[in-house]
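Peer 1: Numbering follows the working numbering, with no gaps: position 344 of the sequence shown is 344.
It cannot be assumed that every hint is accurate.
[Stated by the list, open to error] List of simulated lysine-lysine pairs, BS3-like, C-alpha gap at most 30 angstroms:
(1) Lys569 x Lys506
(2) Lys13 x Lys75
(3) Lys164 x Lys145
[Said to hold, decoys possible] Here are the in silico distance ranges between beta carbons for each label pair:
(4) Ile177 x Asp438: 37 to 45 angstroms
(5) Ile177 x Ile290: 42 to 50 angstroms
(6) Ile30 x Met340: 44 to 52 angstroms
The set of hints was computed from the structure by calculation and includes no laboratory data.
Remember, it's a predicted structure, so these values are computed and weren't measured experimentally.
Cβ coordinates follow ideal geometry from the N, Cα and C atoms, glycine included.
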Amino acid sequence: MKIVEKLKKGLSKVITEHAVSIALAAILTIIAMVFCGLSEKDHELLLTVLKYVYAILFAASISALLCESIHLYHKANNIKKIILFVVIMIAGVVTSILNVASDGVDFSYITYGDAYHFTAQGFFGGLYTSLMILYLCLIIFFCYKKSKESFEMYVAKAFCGVMKAELLCVILLIGSILIIEIIDSLLIHIMWNYYVMDRVILFIFGFVAYPCAIVGISDTDHEISKFGKAILGYVFVSLLSIAYVIIYIYMFKIIITWTFPSNEVFGILMTLFVFGIGVWTMGYSCGDNIFRKIAGILPFLFIPFIVLQIMCLQLRISEYGFTTDRYLGMMLIIFELVYMVLYAIRFFGKKDIVANSLFILSILAIVTLIVPFVNVSSVVLVSQKSKIEKYLSLGDDASATVIEEARDAYRVIWREGGESGKMYLDKSLSQDQKYFLDYSSYYYYSHHNNFYIDVKGYKVDEIDTSDVETVYIISNNIKDDEGIDTSSVYIYGQNPDEVLATLDIKDMVDTLIEKDSEGASDHELSVSIEQEYITEEGYKFIITSIMVEGEKEDETTVTNIYICGYLLK
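Construct all of the structure, not just a fragment, from the sequences and the given hints.
Peer 2: Rendered as structure tokens:
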């Protein structure tokens with residue numbers, strides 16, 4: 001109950017102090033809930049307008065939150081502050097409009113996990129993203145300055161505050177899901193028909209999660225409980241120390257065996273730093289005696305890991321060139337090095353300057369996204385285009401290795417090189433050359449004596465099972481680089497060791513390959529498989545789709561078959 005009371009007081013205080021940003025977020029949430037689930041086909045104009053509205057309200061809410069944070073730190077009102085607030089609001093709103101107008105960054109892609117969705121979306125997309133990152137860093141910085149705590153203590157209190165506040169969101173979300181499931185199962189089907197779940201999630205995020213997050217980072221007047229101090233100062237520090245020991249053992253293994261680090265090492269060390277920076281920061285403020293000392297030296301013990309990261313990254317870049325992920329890895333290493341300098345000054349000079357790492361983060365984001373010549377898209381283009389140019393210079397004499405490298409470079413430039421990358425490809429390559437280098441192009445297969453045929457059959461509405469004991473849903477992938485005998489294809493069930501039947505599809509596969517080489521349409525190909533097949537055991541097999549892949553040299557070789565259908569046994 002004490003947690004609920006504290007959260008209640010914190011919410012009341014924060015809603016008063018951050019009324020504008022929370023109100024804008026609430027308006028955004030209400031609009032999103034009302035128009036949730038609209039069909040793009042039927043409401044194209046409305047959805048376009050809503051895209052601008054969402055972007056403006058989101059940017060305005062973050063901008064207002066920054067203005068409120070500055071105001072709470074600098075209480076005095078003057079004309080300079082008013083002008084600053086106007087500039088902050090206008091910059092946030094205008095860049096959001098330009099981002100949408102240029103079809104730039106869409107933050108819904110964050111679930112895809114690919115960084116290039118945010119780094120290769122043009123200048124205005126980069127400007128908008130870097131500005132939002134800068135605003136968020138400044139919000140945290142001014143909340144920290146307002147708290148009058150050391151940065152380590154502020155981070156610990158903010159972390160505990162956010163965890164307590166967001167616990168309410170988790171409880172509400174779980175409760176809402178259970179209630180909706182019960183209503184959907186016992187009373188009326190509402191979950192999918194009315195996008196109820198989507199609307200509930202939007203409501204919780206807009207009206208609960210967002211204000212609760214602000215409570216966590218802004219209201220840090222409370223003391224950390226003994227339980228919280230034990231978790232932050234002892235448990236987290238102990239777990240991180242164990243991870244350190246494992247990495248050090250691995251490093252000694254590399255030195256003794258004189259081998260290169262594995263591909264997974266960089267990702268592991270990156271994750272270790274991201275979590276570690278929070279653990280040793282909070283542990284240093286909450287730990288006592290030996291644990292405080294351990295937390296204090298953990299950053300210095302991470303320095304050899306930075307050397308290992310540099311080795312891993314240099315190896316990949318020298319062999320394959322820059323990609324977005326490798327560029328971001330380089331920026332992470334730069335941040336780690338600068339952070340170590342700031343931390344050393346903090347540790348030995350007793351100066352509370354680690355918070356300045358927020359500005360370093362903002363600067364690196366700006367460099368990554370919008371600074372000419374050194375931004376991620378430009379570096380990726382410069383790094384990869386030499387492979388394209390080598391392929392072009394050799395022409396028909398290009399080896400298979402050169403062609404493969406050019407294809408890899410084409411894919412990276414097209415996805416991650418931004419507008420300048422696409423312009424380079426359009427300027428340097430003919431249409432046939434682009435088709436030739438494109439992984440997904442049918443032209444690639446036909447010009448390499450390869451074939452790739454993907455055929456959808458017919459939708460099975462009903463199956464006569466009057467004389468059938470069991471119907472198996474089949475989804476088999478058969479691969480053999482030496483060649484598959486299509487006259488004797490094994491059909492497997494859920495157990496890959498159990499052969500259910502043997503199927504002869506040689507005539508059908510040969511027909512597909514022949515028709516495909518003649519340029520038959522998808523419909524003509526699908527007609528070729530719309531029939532019932534009889535297995536060697538006498539069972540019926542209905543094919544719903546089939547993918548056939550292989551090579552056409554002196555003789556046709558099928559190397560991959562993916563077949564789906566129903567086996568009536």
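Peer 1: Given a hinted range of 44 to 52 angstroms, is it respected by the beta-carbon distance of Ile30 and Met340?
Peer 2: holds (46 angstroms)
Peer 1: Quick check: does the Cβ-Cβ distance between Ile177 and Ile290 fall within 42 to 50 angstroms?
Peer 2: Taking Cβ atoms as reference, Ile177 and Ile290 lie about 44 angstroms apart, which means the hint holds.
Peer 1: Quickly compare the C-alpha distance for Lys569 and Lys506 to 30 angstroms and report which way the hint goes.
Peer 2: holds (22 angstroms)
Peer 1: Does the structure keep Lys13 and Lys75 at a Cα separation of 30 angstroms or less?
Peer 2: Holds, at about 16 angstroms.
Peer 1: Given the range 37 to 45 angstroms, decide if the beta-carbon distance of Ile177 to Asp438 lies inside it.
Peer 2: holds (43 angstroms)
Peer 1: Does the structure keep Lys164 and Lys145 at a Cα separation of 30 angstroms or less?
Peer 2: holds (22 angstroms)
When the structure is compared with the earlier hints, no violation turns up for any of them.
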